[in-house]
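Novice: Residue numbers (the numbering used here), protein chains in the order written: chain A, 90 to 541; chain B, 79 to 691.
A portion of the hints provided could be inaccurate.
Some chain A residues flagged as far from chain B (calculated, every beta-carbon gap over 12 Å) [claimed, not checked]:
| hint | residue |
| --- | --- |
| 1 | Arg109 |
| 2 | Lys391 |
| 3 | Val541 |
Computed Cβ-Cβ distance ranges for the label pairs, DEER-style [claimed, not checked]:
| hint | chain 1 | residue 1 | chain 2 | residue 2 | range |
| --- | --- | --- | --- | --- | --- |
| 4 | A | Val232 | B | Asp378 | 41 to 51 Å |
| 5 | B | Ile511 | A | Ile106 | 54 to 64 Å |
| 6 | B | Asp590 | A | Arg152 | 51 to 61 Å |
Only pairs whose alpha carbons sit at most 25 Å apart, straight line, appear in this in silico PhoX-like list of lysine-lysine [stated by the list, open to error]:
| hint | chain 1 | residue 1 | chain 2 | residue 2 |
| --- | --- | --- | --- | --- |
| 7 | A | Lys364 | B | Lys461 |
| 8 | B | Lys562 | A | Lys154 |
| 9 | B | Lys317 | B | Lys419 |
| 10 | B | Lys419 | A | Lys114 |
| 11 | A | Lys111 | B | Lys122 |
| 12 | A | Lys151 | B | Lys122 |
Derived by calculation from the structure, the hints in this document are not laboratory data. Heads up, the beta-carbon is just placed ideally off N, CA and C, and yes, glycines get one too.
Listed here are the chains, written in short residue letters.
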Amino acid sequence: MYSQEIQSLMKSKKLKIGDRVKVLKDGKEFQGFLMPRIEIGDLNSLVIKLDNGYNIGLKYEKRLKIQKMGQGIKLGSIPSKKFSRKPGLPSVSLIATGGTIGTHVDYKTGGVFMVRTPEEIVATTPELENIVNMKTMLRPFTVASEDMNHKHWQELAELVAKELNKGARGVMVTHGTDTLHFTSAALSFMLKNLTKPVALVGAQRSPDRGSFDGVMNLICGSYFTGYSNIGEVCVVMHGTTNDDFCFAHRGTKVRKMHTSRRDAFRSINEIPLAKIWPNGKIEIGNENYRRFDEKKVVADTKFEPKVALVKSYPGSDPEILDWYVHKGFKGIVIEGSGLGHVPTGESGVKIGEFDQKFSWIPQIKKAVENGVVVVMTSQTLYGRVHPFVYRNLRLVYEAGGIYGEDMLPEVAYIKLGHVLGHTKDVEKAKQMMLMNLAGEINKETDPRSFLV
Amino acid sequence: MDYKKLGLKAGIEIHQQLDTRYKLFCKSSSGMREKEVVGLIRRKQHPVAGELGTVDIAMMHEMMRDRTFHYQLFPHESCLVETDEEPPHELNLEALEVALKIALMLNCTVPDELQVMRKSITDGSNTSAFQRTIVVGLDGFLKYRGKKVEITYINLEEDAAAIVGEENGNVTYRLSRLGVPLIEIGTGLLQGFSPDEIQDIAFNIGMLLRSTGKVKRGIGTIRQDVNVSIKVGERTELKGMQDLWTMSKAIQNEVTRQLTMNDIRSEMRRKGVRRIRENLMEVNSLLSNTHSKILRQMLDSGASVFAIKLNVFAGMLKREVYPGKTLGKDLAEYVSAFGVKGILHSDEDLAKYAAVEDFQRIREHLHAGHKDAVVLIGEHKDKGKVSKLLIERINAFLEKPERETRAVGDDGHIRFNRPLPGAQRLYPETDVIPLSISKEWLKKLKKELPEPWTKKLEKFKKMKLSDDLAKQILRSEHMETFEKFVKKRFQPIVMANVFTNTLKDLQRQNVDVSNLTEKHFEEVFHSVSSKKVMKEALPEILKYLAEHPADSVSVSISKLNLKALSKTELVKIVKEVVSQPNIQFDKAVGLVMSQVRGRADPQEVIRLVKKFK
Numbered sequence: 090m091y092s093q094e095i096q097s098l099m100k101s102k103k104l105k106i107g108d109r110v111k112v113l114k115d116g117k118e119f120q121g122f123l124m125p126r127i128e129i130g131d132l133n134s135l136v137i138k139l140d141n142g143y144n145i146g147l148k149y150e151k152r153l154k155i156q157k158m159g160q161g162i163k164l165g166s167i168p169s170k171k172f173s174r175k176p177g178l179p180s181v182s183l184i185a186t187g188g189t190i191g192t193h194v195d196y197k198t199g200g201v202f203m204v205r206t207p208e209e210i211v212a213t214t215p216e217l218e219n220i221v222n223m224k225t226m227l228r229p230f231t232v233a234s235e236d237m238n239h240k241h242w243q244e245l246a247e248l249v250a251k252e253l254n255k256g257a258r259g260v261m262v263t264h265g266t267d268t269l270h271f272t273s274a275a276l277s278f279m280l281k282n283l284t285k286p287v288a289l290v291g292a293q294r295s296p297d298r299g300s301f302d303g304v305m306n307l308i309c310g311s312y313f314t315g316y317s318n319i320g321e322v323c324v325v326m327h328g329t330t331n332d333d334f335c336f337a338h339r340g341t342k343v344r345k346m347h348t349s350r351r352d353a354f355r356s357i358n359e360i361p362l363a364k365i366w367p368n369g370k371i372e373i374g375n376e377n378y379r380r381f382d383e384k385k386v387v388a389d390t391k392f393e394p395k396v397a398l399v400k401s402y403p404g405s406d407p408e409i410l411d412w413y414v415h416k417g418f419k420g421i422v423i424e425g426s427g428l429g430h431v432p433t434g435e436s437g438v439k440i441g442e443f444d445q446k447f448s449w450i451p452q453i454k455k456a457v458e459n460g461v462v463v464v465m466t467s468q469t470l471y472g473r474v475h476p477f478v479y480r481n482l483r484l485v486y487e488a489g490g491i492y493g494e495d496m497l498p499e500v501a502y503i504k505l506g507h508v509l510g511h512t513k514d515v516e517k518a519k520q521m522m523l524m525n526l527a528g529e530i531n532k533e534t535d536p537r538s539f540l541v
Numbered sequence: 079m080d081y082k083k084l085g086l087k088a089g090i091e092i093h094q095q096l097d098t099r100y101k102l103f104c105k106s107s108s109g110m111r112e113k114e115v116v117g118l119i120r121r122k123q124h125p126v127a128g129e130l131g132t133v134d135i136a137m138m139h140e141m142m143r144d145r146t147f148h149y150q151l152f153p154h155e156s157c158l159v160e161t162d163e164e165p166p167h168e169l170n171l172e173a174l175e176v177a178l179k180i181a182l183m184l185n186c187t188v189p190d191e192l193q194v195m196r197k198s199i200t201d202g203s204n205t206s207a208f209q210r211t212i213v214v215g216l217d218g219f220l221k222y223r224g225k226k227v228e229i230t231y232i233n234l235e236e237d238a239a240a241i242v243g244e245e246n247g248n249v250t251y252r253l254s255r256l257g258v259p260l261i262e263i264g265t266g267l268l269q270g271f272s273p274d275e276i277q278d279i280a281f282n283i284g285m286l287l288r289s290t291g292k293v294k295r296g297i298g299t300i301r302q303d304v305n306v307s308i309k310v311g312e313r314t315e316l317k318g319m320q321d322l323w324t325m326s327k328a329i330q331n332e333v334t335r336q337l338t339m340n341d342i343r344s345e346m347r348r349k350g351v352r353r354i355r356e357n358l359m360e361v362n363s364l365l366s367n368t369h370s371k372i373l374r375q376m377l378d379s380g381a382s383v384f385a386i387k388l389n390v391f392a393g394m395l396k397r398e399v400y401p402g403k404t405l406g407k408d409l410a411e412y413v414s415a416f417g418v419k420g421i422l423h424s425d426e427d428l429a430k431y432a433a434v435e436d437f438q439r440i441r442e443h444l445h446a447g448h449k450d451a452v453v454l455i456g457e458h459k460d461k462g463k464v465s466k467l468l469i470e471r472i473n474a475f476l477e478k479p480e481r482e483t484r485a486v487g488d489d490g491h492i493r494f495n496r497p498l499p500g501a502q503r504l505y506p507e508t509d510v511i512p513l514s515i516s517k518e519w520l521k522k523l524k525k526e527l528p529e530p531w532t533k534k535l536e537k538f539k540k541m542k543l544s545d546d547l548a549k550q551i552l553r554s555e556h557m558e559t560f561e562k563f564v565k566k567r568f569q570p571i572v573m574a575n576v577f578t579n580t581l582k583d584l585q586r587q588n589v590d591v592s593n594l595t596e597k598h599f600e601e602v603f604h605s606v607s608s609k610k611v612m613k614e615a616l617p618e619i620l621k622y623l624a625e626h627p628a629d630s631v632s633v634s635i636s637k638l639n640l641k642a643l644s645k646t647e648l649v650k651i652v653k654e655v656v657s658q659p660n661i662q663f664d665k666a667v668g669l670v671m672s673q674v675r676g677r678a679d680p681q682e683v684i685r686l687v688k689k690f691k
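Kindly produce the complete structure, drawing on both the sequences and the hints.
Specialist: Here you go:
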């Protein structure tokens, strides 16, 4: 957005964004197209796109003269693709929700818009036409993944179930990457009796560039949904920084582990279910998965939103738990340290009141007494929490916290919302939290599953 | 050739790496010194459709080549920004300052606000498939022989990765070069200049860049492109000249090529041919008994050999498009851009290839008469596609001149590279915020501009350096040291010779002169001016120091026994020699010199021998 001064100048000269203009300043003449101002930089500088394609900024001053030379350029449109039906190819549905994979850079203005329709997304990867029939393409909503919440997860689960029950062999969901693993966990819990592949696919690089990583992710996601015999929700993203293959990660065992790399998504505490090459080869890496079947799936989307994910750390103030209890939260997942510790002030040599002030034990006790389900997970992400190895762990246990095995904190958070959506009975909820519902708990950990 | 009459127009584009500590958008070193490859990344790239839904022609060309890119990683010279795994960091201000100075030196207007742009690049040389570039100067000029040469733009941009090699659709690049700050300077269309003058203008710009003291030197650090067209031709971009002195030759070759292609076009039209009919067939079965080694190799490699009949084209393929390259060879280079090894055609000496009978058989099958030419191509992928592209190529130039880019070889040969891309697609790099350039900053930079190199040249000439030597020292990487030492009253001619000729000689002897430090040079020149050693002894001393960099100059002098002789010592030696009975003057000088070489001035020896004889 331009400054008030420039806006009124444009108004008085009847100038529109995109108009061809001539600007005179300090005896120099510049010709080009008037560009919109992206929200950064000097708002009091006109942005002109010169004929050689470069943009320059010209600071607005009284002595600057601007003149309209001609009609505006049409802002860019991007190609979209309607797929032709090819006999013999499996039918899958595509649901687009937003995120980098669904952004569109307007080449003229440089503006980034999150507006790609499913048809525009698949147009980036024409190869898909020879892999699957895109039976249906849907866009229920368009949001960046950080803006998602349980309502989006519920809507998505309903849609996916509907598509699968209408006959799609699988469903591919395009999604922003930041919270892709929250959505994959939510869908894993909500899609009961799922026996068909559901792939969540995103991109770490934008589609405006030739190095767009979404191309391979979409191709591999299509093979996964159209051909694999895995009947689960998986995140399908780059396996390495190379454009070699994708991993299919189980929806409840995956996490974004890097801000920007292509291979940011890693399976945690588990070996990825499959490797998928862009030529269609699928190699199972972990036999522990639900096999493909044509059964009906049920969208069981009840969810208790009053659950929280809280991190404890050295020096953290335990009173944060009081706030949640006071606000009526029904469940809290604590991301503790190591095997599942919180500060207790009970270890080593006492140095007075100081220790007690930081102890989380009284607050955990109070929460439990108020009927809040408290689940302990670990910020190490890798490994399993354990209530008995150290005395401090036992204190949490005695206070009524339950230990969430090898569940990821985010997954435990989603699961707790799901479980409390189904029962108000605290004891039953605790039981369910420790039961494996959707592959989120492994009772044995494969030694090869660390840092893969 | 009368270039004015031919309507020669040329635009120069110069790419010069800046010698900054870091790369343009990250904190990796821009040194490009590392040799050890510590990792390899494999990527694919995909054509991105533009606003109108069309894929650029140059992009299509790349897509047809369907290549895999391999990127080599080097310690400290390639981070996640270079691997396209992290957004760019803030702009390198050291590089921007140099770029702004160059813009001011070339009388350009600097925009009030700089906007980083992404320019689409499709050959894999950028991991992101675009190059970040900023226009820092517009509408400037350079004075050349009393005329104003227009400087259209000056951009500051990221250098691309350097190609290591290409084999079977796999291209390897070094990431150490990707992101190194690069300045790009484009002139307006130069008219009324000869190829030599155009080359000289490029030289002038290069010298101006060097005068900043902040540009990299050595092979590959400066690359020149030149757009060439004549009245009867179309714009051809001659790309990648690392050696400036090939520019004039390359322009001459290109002008000749455009003229020849025009001649061929007119000649074919006179013969009534405007298009070649698409007439081709696979001929593997006709070649099963071939005696030709080259054809046998094609068949053994699993290729389908296609024969193309070019009607009324006999003799054309052996026409030289410019001295040293036939049309046949030029077309062979064209198809090699699509992964085909080469072609065999009827205008070649078929007996040499033992393919006379094969061609006869094929001619019969194609119903090709003696006026027709026949071309054989061995294809591995999408069979017949490249053969059709070749026919298309011929038809295209028969219709009208083609716009394309050509790569320039060291010898000035120009080789088909790819079609000229459409208007370059640029769009803003939104990961970097626009940068305002204050008037105060520009004012400050103006005060810091280096002395014009032409003034320096005059100054050096006043030091009694020859024109050639003065120009050499001006281009030498030791120029600043030279100027510093001049102030210390060391002898300019001695120093200039050492910094140019002596070092070059030593390099030729494989002496690693990069071991020589400023301190070495200072001590060496000091020894000369204090008459401790003769200037004649310098090559040997420097060689010794390069090989033993830890030793001091005095140690090297005594080890090599090169201490200058005192007058008394020299007189003593001369007297001994001339006292030999019946000794001739020349022999005496020779004998003395053999004893005092490097330790006495030869002129002085001659004088003394004369005196005492």
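Novice: Next step is simple, just say for each hint if it's right about the structure.
Specialist: Going through the hints against the structure:
no. : hint                            : verdict
1   : Arg109                          : 16 Å, holds
2   : Lys391                          : 40 Å, holds
3   : Val541                          : 19 Å, holds
4   : A:Val232 x B:Asp378: 41 to 51 Å : 59 Å, violated
5   : B:Ile511 x A:Ile106: 54 to 64 Å : 20 Å, violated
6   : B:Asp590 x A:Arg152: 51 to 61 Å : 59 Å, holds
7   : A:Lys364 x B:Lys461             : 32 Å, violated
8   : B:Lys562 x A:Lys154             : 49 Å, violated
9   : B:Lys317 x B:Lys419             : 22 Å, holds
10  : B:Lys419 x A:Lys114             : 56 Å, violated
11  : A:Lys111 x B:Lys122             : 42 Å, violated
12  : A:Lys151 x B:Lys122             : 51 Å, violated
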